[in-house]
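S.K.: All chains, full assembly: derive it from the sequences and hints.
Protein chains: 2
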Amino acid sequence: MLPKISQRISQDPSAMDELLALSNNEQVISFAAGYPAKELFPKEQLEKAFVHRSHNSDLNLYQYASVDGYAPLRKKIAELVSRTGVSDIDENNLFLTQGAQQGISLLADLFLDIGDGVVVEGPSYIGALQAFESRKPTFYEMQMQSDGPDLDQLEKIVSSHPVKLVYTIPTFQNPTGVCMSVAKRKRIVKLAQKYNFLIIEDDPYRDLRYRGQDLPTIKSFDQTGNVVLLGSFSKILSPALRVGWMVAEPQFLQLVNGLRSATDFQPSNVVLQMIDQYLEENDLEEHINQIREVYGQRNEVMQSTLAQYLPQDCSFSKPDGGFFIWVTLPQNMSAKSLLTDNSPVTFIESSQLYETSHQANQMRLNFTGVSEQQIKTGCKLLAKQIKNIRLALTA
Amino acid sequence: MLPKISQRISQDPSAMDELLALSNNEQVISFAAGYPAKELFPKEQLEKAFVHRSHNSDLNLYQYASVDGYAPLRKKIAELVSRTGVSDIDENNLFLTQGAQQGISLLADLFLDIGDGVVVEGPSYIGALQAFESRKPTFYEMQMQSDGPDLDQLEKIVSSHPVKLVYTIPTFQNPTGVCMSVAKRKRIVKLAQKYNFLIIEDDPYRDLRYRGQDLPTIKSFDQTGNVVLLGSFSKILSPALRVGWMVAEPQFLQLVNGLRSATDFQPSNVVLQMIDQYLEENDLEEHINQIREVYGQRNEVMQSTLAQYLPQDCSFSKPDGGFFIWVTLPQNMSAKSLLTDNSPVTFIESSQLYETSHQANQMRLNFTGVSEQQIKTGCKLLAKQIKNIRLALTA
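For the protein sequence lines, the chains are S and P, in the order given. Using the working numbering, you'd call the opening residue of the first sequence number 1 and step up by one each time. Using the working numbering, you'd call the opening residue of the second sequence number 1 and step up by one each time.
There may be inaccurate statements among the hints.
Unchecked claim - PhoX-like cross-link-like pairs, simulated, lysine-lysine; straight-line CA separation at most 25 Å:
1. S:Lys4 to P:Lys136
2. S:Lys48 to P:Lys4
3. S:Lys194 to P:Lys4
4. S:Lys76 to S:Lys48
5. S:Lys75 to S:Lys43
6. S:Lys48 to P:Lys38
7. P:Lys194 to S:Lys4
Unchecked claim - Residues from chain S shown here face chain P by an in silico Cβ test under 8 Å; the list is partial:
8. Ile5
9. Phe50
10. Gly99
11. Phe111
12. Ser134
13. Pro267
14. Tyr354
It is worth saying that the hints were derived from the structure and are not from the lab. For every residue, glycine included, the Cβ atom is placed at its ideal position computed from N, Cα and C.
M.R.: Next up, the structure:
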């Protein structure tokens with residue numbers, strides 16, 4: 001017999017894994033996963049960068065390196081982050097992670113004991129919810145509004161409960177596509193200072209804006225170290241690199257460093273140097289502009305197809321960037337009921353994206369990992385399915 | 001103000017990080033870290049493998065992939081593991097990790113709540129100790145003997161205390177270099193079955209044998225799933241790849257999969273495919289034979305230099321493989337006292353390698369990451385330092 005696993009850990013299969021499985025069935029059109037368009041990966045440039053760097057480096061490229069990651073790459077990322085309004089930042093404010101997911105997980109692990117308070121957006125990113133869940137905290141939810149999470153609700157929560165972490169995706173939120181207003185970005189920092197919580201600002205979609213003006217990061221308004229900013233190359237270069245970053249004060253990052261060295265010791269220096277060389281040889285901004293053009297078009301196509309075919313009592317978000325459109329079905333309709341074994345279209349249903357309220361009548365549609373033709377066909381099929389279910393409900 | 005960090009987490013700087021710092025000062029001869037010899041990394045072959053695979057793969061190489069890692073590589077590793085006596089093993093028994101370190105950390109996280117029992121060897125690998133420490137368990141120590149850990153002591157512990165995990169490095173143990181006898185390998189499995197604990201068999205040095213016969217893994221005697229075997233490419237290919245593996249039953253690996261997807265989501269598919277291609281194009285065994293020859297020679301040189309220069313009341317281990325020689329100083333001498341700011345030689349002193357007994361008169365010397373000349377010079381200097389301190393002690 002084996003010993004009991006931790007009381008913190010659920011034995012349920014991983015929802016993220018199920019999500020990937022949904023997306024790997026080639027018989028169906030998948031709006032489920034948050035995949036970038038593979039045809040946009042700069043494969044040749046990455047190959048070239050790797051060969052150039054490996055060829056021109058000494059053998060230390062393949063040796064153990066530092067826990068926080070290759071310093072010249074940290075410096076380059078610091079420069080990118082400074083453009084979001086964060087001042088006085090250099091490589092010592094940067095810590096490289098195995099995707100932004102590891103950043104979330106390390107912060108959860110660093111702060112949370114069983115029962116500690118965590119506030120998340122309702123709905124939110126499932127990978128973050130799972131990272132928090134495995135620490136068994138007390139969850140609170142702030143509902144998403146059109147200009148970001150409801151901060152009146154947040155203030156009520158943090159003024160009456162001990163809360164350590166507040167997790168937000170302020171730019172093109174996953175799953176709703178909403179951007180937090182500048183006013184709210186400023187206010188949430190003030191709340192963090194007043195109520196002594198840490199804001200985890202998860203910002204992987206920031207560069208994928210198809211309309212409108214860039215907004216400053218929440219971190220740019222932080223004078224007290226109450227905000228940790230997370231970013232990633234997964235959505236703008238390639239998710240198979242598994243490289244993200246954490247921005248915080250150097251002293252704070254020392255704590256993270258200690259924890260990470262016991263977790264997986266350090267990142268892959270080979271991959272970090274490949275990215276560093278890629279950034280030296282290529283114009284990342286130009287590459288992102290190409291992505292923006294394709295994704296912006298797909299966003300338009302999905303919005304116009306939904307507008308044309310969705311029943312009147314459904315609504316959907318009209319994001320200016322990011323990966324997702326958020327569809328709201330009539331109150332009495334469960335999105336899960338559309339996900340049968342022979343559904344021609346898959347998506348993420350909302351109940352698992354709400355940590356406490358489990359609202360069931362919404363769905364997340366990804367538009368970046370599918371072609372315009374798939375978007376058109378898939379949205380039509382989805383609208384038809386919705387109509388059929390409505391008929392069954394009203395019959 | 002920031003919220004309090006978890007009561008599980010120590011604010012001390014990471015000992016592993018300090019260890020790396022000790023090894024990066026080029027002014028001193030470092031026997032401290034467990035570095036492989038960089039001149040043996042198969043750089044050109046790895047480069048070639050990466051380019052070939054990237055060039056001949058579709059763009060999915062750069063896309064999100066599976067949480068447990070690229071299946072063909074898992075299959076190849078299963079074949080390697082089957083040679084250690086583990087029968088009925090295939091890719092479904094393999095889970096790829098970010099170095100073996102992540103395997104230890106995932107198992108610690110999966111099982112341990114605060115206060116849960118963990119048994120470790122005294123002394124043991126500092127990275128494992130830290131992974132367990134961050135879960136704040138109750139530690140027990142089994143002392144190392146010449147044929148492996150004291151299993152009478154282990155039986156006393158597990159028969160009188162609830163213990164979930166027993167961590168062992170049975171082959172060329174870090175830091176002592178000891179191999180666990182076959183009799184003890186069989187007995188520890190029986191104890192695990194009787195007292196319902198999980199054995200973590202950490203086996204990264206197995207292939208680095210310079211003398212004598214290979215021993216079967218502990219896992220090869222396991223019929224009940226009470227043993228999880230960990231391995232790694234870090235010591236036989238390159239630690240900058242950060243690829244290790246976990247061998248267990250498929251149902252058990254599902255639990256690990258769920259936890260890992262919330263931790264860092266998945267390994268880097270780019271790196272896994274590079275290794276997979278390397279293994280297709282090259283004879284790993286032949287590469288390992290080259291490493292064995294060099295390291296075997298360094299091991300001899302260190303042993304003979306220590307035999308010649310160490311004072312009579314010091315002793316040292318004579319390992320048949322692995323990375324380390326274990327030196328025991330007279331009982332009243334602290335190894336730490338030899339590590340001053342201007343020491344010409346660094347090593348790992350023993351007190352931090354014992355989780356409970358903190359024995360202070362031993363030191364771990366690495367012989368793989370240094371040249372024969374450095375070994376000779378360093379060991380002479382070290383012997384001189386020891387003699388000086390003895391003089392001071394007796395004066």
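S.K.: Sort out which numbered hints this structure fails and list those numbers smallest first.
M.R.: 2, 14
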